[in-house]
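Enquirer: So the chains spell out like this:
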Amino acid sequence: EVQLVESGGGLVQPGRSLKLSCAASGFTFSNYYMAWVRQAPKKGLEWVATISTSGSRTYYPDSVKGRFTISRDNAKSSLYLQMNSLKSEDTATYYCARHDNSGVPFDYWGQGVMVTVSS
Amino acid sequence: DIQMTQSPSFLSASVGDRVTLSCKASQNINKYLAWYQQKLGEAPKLLIYNANSLQTGIPSRFSGSGSGTDFTLTISSLQPEDVATYFCLQHNSWPLTFGSGTKLEIK
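Protein chains in written order, with this note's numbering: chain A, 364 to 482; chain B, 118 to 224.
Because the hints were derived from the structure by calculation, they are not lab data. Everything numeric in this text was worked out from a predicted model, so none of it was measured.
Pairs of lysine-lysine, DSS-like flavour, derived with a Cα cap of 27 angstroms:
id : chain 1 : residue 1 : chain 2 : residue 2
1  : A       : K405      : B       : K224
2  : B       : K156      : A       : K406
3  : B       : K220      : A       : K406
4  : B       : K156      : A       : K405
5  : A       : K406      : B       : K224
6  : A       : K405      : B       : K220
7  : B       : K141      : A       : K406
8  : A       : K382      : A       : K450
Just chain A, with the same shape it has in the complex:
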């Protein structure tokens, strides 16, 4: 059974940093692109980042480019999101998600982790 379990969320002040983790199990992690998707309270979904199988390619929307960094450790079946220079508008539930092997995005999701950016 595919499982994605996020951790590392919490309350952080504006301008500070936070690193999220996602532990994957139930599939061969190194064979799949992975991603982060977020959802602000009572709002819609926003794609945040995607990383290739080896980690050599990463993709971001302009809203987080230069502030967020997605990475992975295939030996540990783990995905990460380093978030720097956090803003109040980054407050959201962050989901770890898998891209399937044919390119379809987000066939499996974690339960999400809350990040609150506030002073």
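Following the hints, position chain B against chain A.
Expert: Below, chain B without anything else, positioned relative to chain A:
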């Protein structure tokens, strides 16, 4: 960036009704459209990919159609467990973009 517009924002229908949700892209996305269902307090779930392919394990009352810029998600016979918000996503080009969602309720 490609803008995805969903309509209606809110829909109330009766059990057994045929329900149609719309998603329009601001430019051609070929067949690269997915639909997700999100129930209250849960993570989204993939329903449909490549516009009309049903994800494994999803009931056959869900179907998708369309290509280019206009897409539709249809529930052939609405069930109480279908109460949720439905989002579309284009994955034709970066950045990936979601629609704002359609909230579906039982009348």
